[in-house]
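Using the sequences and the accompanying hints, generate a full structural model.
Sequences listed follow chains A and B, in order. According to my numbering, the stretch in the first sequence is residues 1 to 283, in order. According to my numbering, the stretch in the second sequence is residues 1001 to 1337, in order.
What the hints contain is simulated information worked out from the structure, not anything from laboratory work. Don't take every hint at face value.
Said to hold, decoys possible - Taking CB as the label site, the calculated pair distances span:
no.: 1; chain 1: A; residue 1: K283; chain 2: B; residue 2: K1237; range: 42 to 50 Å
no.: 2; chain 1: A; residue 1: G24; chain 2: B; residue 2: K1117; range: 55 to 63 Å
no.: 3; chain 1: B; residue 1: V1082; chain 2: A; residue 2: F227; range: 46 to 54 Å
no.: 4; chain 1: A; residue 1: F165; chain 2: B; residue 2: L1319; range: 26 to 34 Å
Said to hold, decoys possible - Simulated pairs of lysine to any residue, SDA-like, Cα-Cα distance not exceeding 25 Å:
no.: 5; chain 1: B; residue 1: K1317; chain 2: B; residue 2: D1294
no.: 6; chain 1: A; residue 1: K51; chain 2: A; residue 2: P39
no.: 7; chain 1: A; residue 1: K96; chain 2: B; residue 2: T1046
no.: 8; chain 1: B; residue 1: K1149; chain 2: A; residue 2: L195
no.: 9; chain 1: A; residue 1: K279; chain 2: B; residue 2: S1145
no.: 10; chain 1: B; residue 1: K1010; chain 2: B; residue 2: R1054
no.: 11; chain 1: A; residue 1: K279; chain 2: B; residue 2: L1122
Computed from a predicted structure; not experimentally measured. Backbone N, C-alpha and C fix where the C-beta goes; we use that ideal spot for every residue, glycine too.
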Amino acid sequence: MDKRKIEENIFKGLMIFSTSIVVGSLVLILVTIFLKGFPALNLDMLIKTPKGGYYLGKEGGILNAILGSLVLGIGATFLALLVSLPIVFYLNLYLKKNSRFALLVRFFLDVLWGIPSIVYGAFGFILMVFFGLRASLLAGTITVALLIIPIMARSMDEVLKMIPFELKEASYALGATKLETAIKVIFRQALPGILTAILIAFGRGIGDAAAVLFTASFTDSLPYSLFKPVATLPLAIFFQLGTPFPEVQQRGYASALVLTALVLFISILSRILSKRFTKHTIK
Amino acid sequence: MELKTHISVKNLSIWYGEHQALNNVTIDIPDKKITAIIGPSGCGKTTLLKSFNRLIDLQDGVKVSGQVLVDGEDIYHPKVEVTHLRKKMGLLSQRPQVLPMSIYENVAYGLRIHGIKDKKKLDEVIQHYLKESSLWEEVKNRLHSSASKLSIGQQQRLCLARGLAVEPEVILGDEPTSALDPLSAERIEQRLLELKNQYTIVLVTHILRQAKRLADYIIFLYLGNLIEHGPAEEILKNPKYLKTKSYLEGQFIEEPKIDKELNLKGTVCPDNFVKAKLALEDLKLGQILKIIVDYEPAVSEVPKAMEYEGHKILEVKRLNFTDWEIIIQKRNNTYLI
Chain A
1 MDKRKIEENI
11 FKGLMIFSTS
21 IVVGSLVLIL
31 VTIFLKGFPA
41 LNLDMLIKTP
51 KGGYYLGKEG
61 GILNAILGSL
71 VLGIGATFLA
81 LLVSLPIVFY
91 LNLYLKKNSR
101 FALLVRFFLD
111 VLWGIPSIVY
121 GAFGFILMVF
131 FGLRASLLAG
141 TITVALLIIP
151 IMARSMDEVL
161 KMIPFELKEA
171 SYALGATKLE
181 TAIKVIFRQA
191 LPGILTAILI
201 AFGRGIGDAA
211 AVLFTASFTD
221 SLPYSLFKPV
231 ATLPLAIFFQ
241 LGTPFPEVQQ
251 RGYASALVLT
261 ALVLFISILS
271 RILSKRFTKH
281 TIK
Chain B
1001 MELKTHISVK
1011 NLSIWYGEHQ
1021 ALNNVTIDIP
1031 DKKITAIIGP
1041 SGCGKTTLLK
1051 SFNRLIDLQD
1061 GVKVSGQVLV
1071 DGEDIYHPKV
1081 EVTHLRKKMG
1091 LLSQRPQVLP
1101 MSIYENVAYG
1111 LRIHGIKDKK
1121 KLDEVIQHYL
1131 KESSLWEEVK
1141 NRLHSSASKL
1151 SIGQQQRLCL
1161 ARGLAVEPEV
1171 ILGDEPTSAL
1181 DPLSAERIEQ
1191 RLLELKNQYT
1201 IVLVTHILRQ
1211 AKRLADYIIF
1221 LYLGNLIEHG
1231 PAEEILKNPK
1241 YLKTKSYLEG
1251 QFIEEPKIDK
1261 ELNLKGTVCP
1271 DNFVKAKLAL
1281 EDLKLGQILK
1291 IIVDYEPAVS
1301 EVPKAMEYEG
1311 HKILEVKRLN
1321 FTDWEIIIQK
1331 RNNTYLI
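The structure is reproduced here in structure tokens:
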């Protein structure tokens, strides 16, 4: 066979191999969680809070963690959105394309993205002590927001960079200000990408254990106050898997299944919703 | 032809970083006429056009010197509200760029940002301008579907309606028909001809036939320099200078080969004229003399006198704020009285 053709086939083989590793591990993870968790999953787990001795194998559920994670995840995503949108609009509309400051901001965001979440947890803890706050829903939300701001902002930034210059020009040419252009034109055009960025950040935030370990603590009760500790699913999974009892460990897998399903559900829901807002987007 | 001036450009130079895109352009754009800016690619046509609504501000590292007066007001003055200026100038770009909204909202966008909120009034105005740009019949039943689903020719007409709706005084067209099929292009041209009674229109075009069809006034730019400008008929039939002639005839534009150079800075008329005449004496027929002057009246008087003597003026070009270059070809040395 021709040498170039062999070359082509070898590299094509490599590409298929790499792709199947990624797809394979995803499937494997989902199957493991499902096989181990689904038998232990029951309605009680979803609608009850842990009773005394839940972690020893007695009755109860993880409603506290499900609700806690949702509240904390959505809260943190919302906070992060409030910070990220102004950042990316500033970077992409107000600063010049080759602005050094923009370069620096992007570099900082990239570095922040790479910082391990346990460091954010520790940092959040220091902040908490400084402001005299106790481990609480508020402190956890703020810490997770800090963790996901770089993720959200950089993902949105990449989307906004792709917006054609002519679109901004068309809006400016009508006498629009930068703010009007940002909110009424760029935001609409970038909405699908912005939603994806929000979802990536949300998924990361709701699944993180280290950032909430010190800052949100854990509780058996439902989240009812910003200033009280809150339970989260990752920590619930951690505690359950950490017990020596096989049946509690099984519940840990069930909780992992719940967490995965939650993220999946929210991303599908928001994609359906976003279809309604993005029908005018220019392809 | 006596023309009222709408936009007056004075010594305008524009740089993108190190690259100078326009060099000391001075020109008056007539009111309620179609002015075509012609010239080969990369000669500064679009830069000149976009300097009128300050869209060049958006480019990186742009530097502007000189003045652009619109209705007598310098638009590069720091106190000028750039959004007001842009409202006065409707833009049609090379490729129509609709906004990510419905057809209705595309036109409503400009109106809303300039303070028209009343639904009834909006409906009325939008219908009026969609008719004005001859799009109404095609879209009246689907005003709320996406603008991006329109054909490209319809999109350009929508852009026209959108631009007209904010009631500009000037329409700037940056090769507005270049992305369109011939039929759509013709419709746009037709609209422009009808609109010129109400608006001052400035068109960048590289299609000479289009300039012939539409323009009342023509500006010829070459490599950032203003080479020639004047009423369309004059320029198209009798271009004064060599480069304009080459361009109009579809030939390569070449820099004339200079046989002799003479610096006449600091001299006044008729001294400079006499010196130039003496220099020409030394040249053979057909050879070329370049003189540089910095005395304003010399710019028009020296060429006039030279032509009177039978020589050919190939080019009169502004070099910088003070200096001009006049290129003369020696012809018959007989008086033409």
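How the hints compare with the structure:
For K283/A paired with K1237/B, a C-beta distance near 47 Å keeps the hint of 42 to 50 Å intact. One distance hint, 55 to 63 Å for the beta-carbon pair G24/A and K1117/B, holds here, with the actual separation near 57 Å. V1082/B and F227/A have their C-beta atoms about 48 Å apart, which keeps the hinted 46 to 54 Å range intact. Between F165/A and L1319/B the Cβ separation comes to about 33 Å, which falls inside the hinted range of 26 to 34 Å.
Between the alpha carbons of K1317/B and D1294/B the distance comes to roughly 12 Å, so the proposed pair stays at or under 25 Å and holds. At most 25 Å may separate the alpha-carbon atoms for a hinted pair to count; K51/A and P39/A meet this at roughly 21 Å. Proximity of K96/A to T1046/B is assessed by CA-CA distance (about 20 Å); at most 25 Å being required, the pair is judged to hold. About 23 Å separates the Cα atoms of K1149/B and L195/A, which keeps this hinted pair within 25 Å; it holds.
Proposed proximity of K279/A and S1145/B is supported: the alpha carbons are some 9 Å apart, at most 25 Å. Proximity of K1010/B to R1054/B is assessed by CA-CA distance (about 15 Å); at most 25 Å being required, the pair is judged to hold. For the given pair, K279/A sits about 23 Å from L1122/B by alpha-carbon distance, which is consistent with the 25 Å threshold.
In the structure shown, no violation is registered for any of the earlier numbered hints.
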